[in-house]
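Visitor: Below, each chain spelled out in residue letters.
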Amino acid sequence: MTFIPKPKIDLPGQHLNDLGLSLRDYEGSLSTLCAGCGHDSITAALVQALWEMSIRPEMLIKMSGIGCSSKTPAYFVHGAHGFNSVHGRMPSVATGASAANRDLICIGISGDGDSLSIGFGQFGHVIRRNVNMLYLIENNGVYGLTKGQFSASADAGSSAKNGAINQMQNINTVATAISMGVSFVGRAFSGDREQLVPLIKAAIAHPGCAVLDVVSPCVTFNDHEGSTKSYAYTRKHKKLATEADLIPPRGEIKASYYAGDTHPVRLHDGSTIILKKADPDYDPTRRNNALAYLERHRRRGQIVTGLLFIDQNVPDMHIQSRTVSTPLKDLEYRDLNPGGAALAELQRGMK
Amino acid sequence: MPATQSRVNDFVLKIATVNGTGSASANGLLLKALFRMGVPVTGKNLFPSNIQGLPTWYEIRANKDGYMSRTGRVDVMVAMNAQTYEKDLNEVSPGGFLIFDSTWPRQDILQRDDITVLGVPLAKLCNENFEVARIRILMKNVACVGVLAALLNLDISVIRGLLQETFANKRKLVDSNLKAIMLGYDYARENFTCPLPVHAETMGDNSRNIMITGNEAAGLGCVYAGATVGAWYPITPSTSLMDAFSGYCERFRVDPETGDKRFCIIQAEDELAAAGIVLGANWTGARAFTPTSGPGISLMSEFIGLAYYAEIPSVFIDVQRVGPSTGMPTRTQQCDLMLCAYASHGDTKHPLLLPANPKECFEMAVRAFDLAERLQTPVFMLSDLDIGMNDWMVPELTWDETYRPDRGKVLGPEELARMDRFIRYLDVDGDGITYRTLPGEDPKGAYFTRGSGHDRYGAYTENSDAYQDVLDRLLVKWETAKNLVPDAVLSKAEEATRLGIVAYGSSDGAVIEARDRLAEQGIHADYLRIRAFPFSAEVVEFLHDHDTIFVVEQNRDAQMRSLLTLESADTANRLVPILHYNGMPIPSECVVKGISAHQEAAA
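Chains as they are written, first to last, in my numbering: chain A, 1 to 351; chain B, 352 to 954.
Each hint can be trusted.
With a straight-line Cα cutoff of 20 Å, these simulated PhoX-like cross-link-like pairs (lysine-lysine) come out:
#, chain 1, residue 1, chain 2, residue 2
1, B, Lys700, B, Lys828
2, B, Lys530, B, Lys475
3, B, Lys795, A, Lys6
4, A, Lys351, B, Lys415
5, B, Lys760, B, Lys795
6, B, Lys828, B, Lys760
No wet-lab data here; the hints were simulated from the structure. Here the structure is a predicted model, which means the values were calculated and not measured.
Bound-form chain A, shown alone (with noise of 0.2 Å):
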């Protein structure tokens, strides 16, 4: 990853949000990804998602892997702290820095090969243990850095650039997630900013562990003829399931939300995720529907996408362990500490 700074440049009547801060103080370096990768396309959105969430840079923390995909955090909001940790494990990673500092925002970037094969179990159990973050899964069924080895996602009968077929049938992230009792997971298309955007703030505010599988067609080694993750595959072959957007607390809820087949998430925060059914078969908030409509649809070489399922009400790692409200890294070492009497008392029971 080759760094490489932007140079902000502040112009005349640029807006700014309720931090007063400009879009141009959500990005970070200039990215050193391929010409048209879908990755970037991702980044956008943060940027523009995080800057209209009025999020303080330093209250974001920005995990990864290792990966095309898990270069992403250097791009956005350089005033957050970013860990590229190691190659499938950025899971445990986010796990422990939600556990030490529970009040941080978690964007967690992975990719498919990242998160279904070296990294699936820690994939598995941070969704079990539901930790409080955005877990964006970049996926294009492919293999960037080491050029052009299928992924765990790749579909069964697709083809690689060198004309290899896929044999072995794929990981569906989405169906995966919820079979593992995800609390909220989403698909978007990276060409689809104008969906992807609002699915990430509906994440960023979920109070739980949020999935995104976000198809990012990789423009050197899978966006031919034969690929099943290419820009015009996935744009002929998307199927929307559900429209999300966020409305944070005291926010307007304008009639038009209403309008269709509408159904309001209200969080714990007071935010409200408005959830407007594009299909009306589509029910977000019970497993056996969800996955019973993926698989129809995947039958009919269909990507669904939308928020495809959300249970707020899952407890969190931290409401699962009863932590305090308190920051475990703020607590004062006089809070931690017993003390010389109570060392002496329960040693009386050592005699």
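Starting from the structure of chain A, add chain B where the hints point.
Guide: Frame of chain A, contents of chain B only:
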């Protein structure tokens, strides 16, 4: 009756039972009874990797001189397990005693003329006096405590007191246990000459001592160090360390009103994740640790390298067991020294702390966090199964109320405000340790943590000079570490000598006793107990000041000797390995024999 030397407050009692029969509480009763009579005592549990039905032994050593190690002898054997009877019989030292359950006849071929065999119909006594089958089995072990109380002259009022404390609110249990004890006690008094020539007598004062395992002490140390995040994957023999941490946290760190917890314990899916959680939590500013054993360190190695290179404080407690591979999970060794010293790929090396007993486990656990945060690096505390899971008698733990955690070089918003620019890996002070910041405080302190090549600014680099600059600075930090780790402990021989002994960790007790035995033979040796790696100056000095240095350790490949050789190559030919690695705690006789044989050969 064979001739038996009188041994007052100087004997080894070994109890052979089947696991899952409640023998642990009976063994604890014997140990505590001796302890309360003021006799220095230790108990070692030799148990199988199994839940119920396999042989298990408990070895109690009572020694008026305070020797704590195993000796290689058994003065009184209680053979309650028919399965291991022959082996147990053979293990009794000449002149010793064997007690067995005479409810069922023994085979005649199992005889020894040089020991005294005492049969007690324990099962019969219990069957006649207790109704429920399970109670009968449990009470057999308790009745045996009564037999031993009579034979070994244990204070019956002390035992009664212990039962009352153990079953404070369960009067019935006190009565039934006491009944079983008296059954055995009375039978022994009626049928044998009590006490045996091998017995205990009330002696000194143990009121300033405690009985504790190393894992309990280390868990307690983590509480006192202010650790708030503990991540782990259960593995013998480290499990009881997290159990202890959890128990003490529940006792000391739960808000009585709200039930809110000032700690977070995460049982991870494997040791890889446990290590990742520890890194993430420390990076964010909490004190976090993981207890594990050798196989866990193997899995954690990936993250250990990241922590070394990205300079993330982290504490790893390795309660060593027998390797390689799964090895013998319930047996002890000091076999992870090399593994931990250089864990992970590339050029890495890590500070090790080497406690010799539970008291040091407590103290060094606290020290480990201070060192990890001061040095911004992974720090290992290497205990082992012998220290971690056995009952040791140590002086009471004390606490210095003026202690404050050393959080190391952490910049907050105020310090950052005074700086033009924060540079993560710039060696401002010349000690190789740079400044870090914590997330959640100030955007000016933001930086990118990475395990990929980086320069002093923390930026990704593939520039040769910029990469090497950071790697060389880590060596400066390593030199700083030498002055921060615990000193070695020197014990001079009574006479000037060119012989030296080096040992560490749980081999200490065997060396202490062996030096006294050897001195009686006219072999005098200075003793240096190493307590940390990297070695501080006095370790290298000690090697230079002696012609022959015996390096006593519990592994096959002489790992400490190798480490010493790497650090002080010119003394390599003076280092003589004394090794013990069969999985049992090292007995003092191993050290005595090893050194005296070497000296005879050299003479």
